[in-house]
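Using the sequences provided together with the hints, build the complete structure.
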Amino acid sequence: MTHDRRQPPAGIVGATREDLSTVTGSDQLSPPAGPAPARSRPGQPAGSAVALRLGLLGQSVLLVVASMGGACLATVWIFTLPFAGTPLTLGATAPVRWFADRHRRWAAGRLGAPVPRPYQPASGEGWLARAWAVLRDPATWRDCAWLLVNSVTSVLTCGLSAVLFLGGAFYLCYPLLVAVTPPAVFRQPLGFFQLNGTAQSFAMIPVGLVLLAIWYLTALRLTILNALVIDALLAPLKHVELRARVGQLASSRAETIDSQARELRRIERDLHDGAQARLVSLGMSLGLAERLLAQDPQTAQRLLAEARESTVGALSDLRNLVRGIHPPVLADRGLEGAVEALAMVNPVPTTVDFRLPGRLPPPVESAAYFAIAEALSNAIKHAAPRRIQISAEFAPGPGDTAGLLSILVSDDGHGGARIGAGTGLSGIGRRLSAFDGTLVVDSPPGGPTSVRMQLPCELS
Amino acid sequence: MRIVLAEDLALLREGLIRIFETYGFEVVDAVGNGPALIKALTTHRPDIAVVDVRLPPTFTDEGLRAAIDARRRFPGLPVLVLSQYVEPIYARELLSDGAGAAGYLLKDRVMDLDPFIAAVRQVAAGGTAMDPEVIAALLTRHAADVPLQTLTPREHEVLALMAEGRSNAAIASRMFITEKAVSKHSNNIFAKLGLEQCGEDNRRVLAVLAYLKS
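Protein chains in written order, with the numbering used here: chain S, 12 to 471; chain H, 22 to 235.
No lab work stands behind these hints: they were computed from the structure.
Hints are not guaranteed to be accurate.
[What the hints assert, rightly or not] Restricting the straight-line Cα-Cα distance to at most 25 Å, the calculated cross-link-like pairs of lysine to any residue (SDA-like) are:
#1 H:Lys-213 to H:Ser-117
#2 S:Lys-392 to H:Ala-158
#3 H:Lys-213 to S:Val-359
#4 H:Lys-213 to S:Pro-360
#5 S:Lys-392 to H:Leu-159
#6 H:Lys-60 to H:Phe-41
#7 S:Lys-392 to H:Glu-154
#8 S:Lys-249 to S:Asn-357
#9 H:Lys-201 to H:Leu-214
#10 S:Lys-392 to H:Ala-157
#11 S:Lys-392 to H:Gln-170
#12 S:Lys-392 to S:Ala-406
#13 H:Lys-213 to S:Asn-357
#14 H:Lys-213 to S:Met-355
#15 S:Lys-392 to S:Glu-347
[To be verified] Computed from the model, here is a short list of chain S residues facing chain H with C-beta under 7 Å:
#16 Arg-319
#17 Val-323
#18 Leu-326
#19 Arg-330
#20 Pro-339
#21 Val-340
#22 Ala-342
#23 Asp-343
#24 Glu-351
#25 Ala-352
#26 Met-355
#27 Val-356
Glycine included, every Cβ here is placed at the ideal spot set by N, Cα and C.
Put into structure tokens, the structure is as follows:
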């Protein structure tokens with residue numbers, strides 16, 4: 012069952028798969044994908060405005076029919092509750108959440124903003140524990156309430172819109188209906204006056220036009236209204252959302268501090284055992300050489316040569332250390348140049364395709380670089396690929412919000428990579444979570460593998 | 022030989038000047054940043070420019086960019102780039118104009134004076150001098166390019182040493198083979214890379230370039 016699993020973020024993965032594992036900054040609150048906002052903009056040609064409304068009309072009919080199904084689903088679900096702890100409750104929860112997800116996605120498209128999923132991750136083992144977790148989740152109850160409310164609001168919004176359109180079309184065709192039907196049928200439009208003959212029935216055409224005009228004017232508003240109801244009931248409650256966010260920030264901060272402290276300890280140890288030790292030995296060689304210069308020039312010369320060797324070693328140690336802290340080529344050339352440099356010395360043919368319109372903020376650049384380097388070495392170490400592709404693109408966020416950097420590292424190796432199986436992928440997840448980034452690994456046994464990373468950030 | 026030196030750290034600049042003067046070279050100008058380097062090269066037209074990769078004002082690869090820029094203005098201007106670290110990608114950029122007369126060495130190599138001065142002379146004479154670390158980094162890579170795959174391991178070795186800027190005699194003594202064998206190997210390399218028609222010096226550069234580009 013996949014309903015308790017986070018949906019992959021919008022725009023990079025189409026569907027959740029069994030072999031798809033994710034590590035994310037926010038496990039329970041994720042924006043589901045939605046099509047582009049469907050609002051008519053000023054200056055749009057009239058034809059496309061009508062097409063937009065006709066499209067919405069089709070969706071409206073579907074939504075009204077679906078809302079009836081939803082009400083049935085809610086009834087079934089409520090009736091399974093007395094048997095809580097049986098697989099039936101969980102079994103009924105899955106379609107309810109699927110149904111709600113579809114509506115979230117639809118509403119997101121209409122509102123032009125994501126409607127996040129509110130579900131808490133399922134905890135515990137066994138049917139009983141999971142059913143209990145589902146029942147304790149407030150989102151479960153709000154889903155149920157929404158199903159019942161939806162059967163009314165859908166009719167009042169989308170249903171009304173459909174009725175307005177159908178009514179308008181009906182009265183527009185009224186003369187035709189009168190002409191082709193027997194004299195006793197369709198002679199009392201609107202219920203209170205009598206028509207005599209086809210000629211009089213043309214009086215109904217203005218009614219049809221008025222109804223169509225009302226439909227045209229209200230179609231978008233009614234759709235948005237329905238989407239707002241969905242957003243109000245299906246998006247997480249503000250305080251639940253904030254609580255989850257605080258929990259996630261606290262844990263990612265702790266991890267960041269931890270890994271920074273570990274990193275500093277490593278640097279200290281490397282300096283102590285490497286460059287520092289070599290400089291001490293250099294000093295000793297030079298001191299001895301100084302003493303021996305007069306009596307034993309040959310030994311002094313040997314010591315001087317040794318001293319030079321020590322400096323070469325110390326420099327090499329320092330160089331490796333610097334590469335691990337912040338690769339100079341990253342500072343020089345930014346992410347694209349640094350990744351190209353990585354690809355150039357890679358034992359496996361690697362193509363790099365970057366589409367970044369500017370330079371990334373240095374911390375994001377560094378996190379992305381080390382994540383890519385880790386994914387690359389992971390692929391080479393475990394998957395035996397023949398070819399690796401690295402691509403990156405940046406999508407600016409709407410208005411003032413942060414944009415999204417998406418990176419894809421894919422290889423044609425034998426797959427089977429899993430987050431948590433080794434330290435590599437979990438390390439990438441930790442690195443990215445400090446920036447609210449996400450990691451999605453798709454690696455079925457037999458390959459191919461794709462490692463998708465997303466980082467919210469802004470370009471400079 | 023007249024040298025223009027670009028190095029922003031005074032300690033290293035003085036050290037390099039002292040070394041060059043010891044070997045009888047003339048340091049006509051020593052500058053500390055990218056724009057000043059371009060100006061000095063325009064004024065003095067030296068026999069070789071010895072340039073640190075990282076220079077002010079950006080403290081990124083300013084020196085390399087200035088060197089490449091200067092070579093665009095004065096094609097074939099010999100440039101020896103020194104750096105605390107080497108990136109094969111920079112070596113490729115430096116050589117990509119195909120004019121040769123370019124070197125890229127770790128600063129560590131300066132300490133080994135005789136080979137360092139030999140590299141300076143080599144580059145000034147139109148040859149190349151690539152740091153063994155660049156070559157080593159490239160050797161770890163699986164050469165997927167078809168022409169390079171057809172090289173035998175022995176020819177690969179010769180090409181790597183050629184990239185470091187060694188003469189046939191030096192390659193011969195390094196590989197414990199005769200100079201004649203080296204020239205046989207290098208002719209095979211040129212044939213396999215399709216470089217038979219070019220002049221000797223030029224095709225050495227082109228072969229090295231093919232090696233860096235693969």
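Each hint tested on the structure:
1. For the given pair, Lys-213 (chain H) sits about 20 Å from Ser-117 (chain H) by alpha-carbon distance, which is consistent with the 25 Å threshold.
2. Restraint check for Lys-392 (chain S) and Ala-158 (chain H): satisfied, since their Cα atoms lie roughly 17 Å apart, inside the 25 Å limit.
3. At most 25 Å may separate the alpha-carbon atoms for a hinted pair to count; Lys-213 (chain H) and Val-359 (chain S) meet this at roughly 23 Å.
4. Taking the CA atoms of Lys-213 (chain H) and Pro-360 (chain S), the gap is about 21 Å. The hint holds against a cut of 25 Å.
5. The straight-line distance between the Cα atoms of Lys-392 (chain S) and Leu-159 (chain H) is roughly 18 Å, inside the 25 Å bound, and the hint therefore holds.
6. With a CA separation close to 21 Å, the supplied pair Lys-60 (chain H) and Phe-41 (chain H) stays within the 25 Å bound.
7. Between Lys-392 (chain S) and Glu-154 (chain H) the alpha-carbon distance is near 22 Å, which keeps this suggested pair within the 25 Å criterion.
8. For the hint pairing Lys-249 (chain S) with Asn-357 (chain S), the CA-to-CA distance comes to about 47 Å; that exceeds 25 Å, so the pair is violated.
9. Proximity of Lys-201 (chain H) to Leu-214 (chain H) is assessed by CA-CA distance (about 20 Å); at most 25 Å being required, the pair is judged to hold.
10. For a cut-off of 25 Å, the pair hint linking Lys-392 (chain S) to Ala-157 (chain H) stands: about 20 Å separates their Cα positions.
11. At roughly 23 Å between alpha-carbon atoms, Lys-392 (chain S) and Gln-170 (chain H) fall within 25 Å of each other, so this suggested pair holds.
12. For the hint linking Lys-392 (chain S) to Ala-406 (chain S), the alpha-carbon distance of about 31 Å lies beyond 25 Å, and the restraint is violated.
13. Restraint check: the Cα-Cα separation between Lys-213 (chain H) and Asn-357 (chain S) comes to about 24 Å, which is no more than 25 Å; the hinted pair holds.
14. A distance of roughly 22 Å separates the Cα atoms of Lys-213 (chain H) and Met-355 (chain S); the hinted pair therefore holds under the 25 Å criterion.
15. Proximity of Lys-392 (chain S) to Glu-347 (chain S) is assessed by CA-CA distance (about 23 Å); at most 25 Å being required, the pair is judged to hold.
16. Because the smallest distance between the Cβ of Arg-319 (chain S) and any Cβ of chain H comes to about 5 Å, under 7 Å, the interface hint for this residue holds.
17. With a least beta-carbon distance of about 5 Å to chain H, the hint placing Val-323 (chain S) at the interface is held under the 7 Å criterion.
18. With a cut of 7 Å, the hint placing Leu-326 (chain S) at the interface with chain H holds, because the nearest CB-to-CB distance is about 5 Å.
19. This hint holds: Arg-330 (chain S) has a C-beta 5 Å from the nearest C-beta of chain H, less than the 7 Å allowed.
20. Among the interface hints, the one on Pro-339 (chain S) holds; its C-beta lies about 5 Å from the nearest C-beta in chain H, closer than the 7 Å criterion.
21. Look at Val-340 (chain S): its Cβ gets to within about 5 Å of chain H, closer than 7 Å, so that hint holds up.
22. Taken as an interface hint, Ala-342 (chain S) checks out: its beta carbon lies about 6 Å from the nearest beta carbon of chain H, inside 7 Å.
23. A distance limit of 7 Å between C-beta atoms decides the matter here; for Asp-343 (chain S) the minimum to chain H is near 4 Å, and the interface restraint holds.
24. With a least beta-carbon distance of about 6 Å to chain H, the hint placing Glu-351 (chain S) at the interface is held under the 7 Å criterion.
25. For Ala-352 (chain S), the suggested interface contact is upheld, since its CB lies about 4 Å from the closest CB of chain H, less than 7 Å.
26. Evaluation of the Met-355 (chain S) hint against chain H yields a held restraint, the C-beta minimum of about 5 Å falling below 7 Å.
27. Below 7 Å, beta-carbon pairs count as interface contacts, and Val-356 (chain S) has one with chain H at about 4 Å; its hint therefore holds.
Hint compliance for this structure: hints 8 and 12 are broken, all remaining hints hold.
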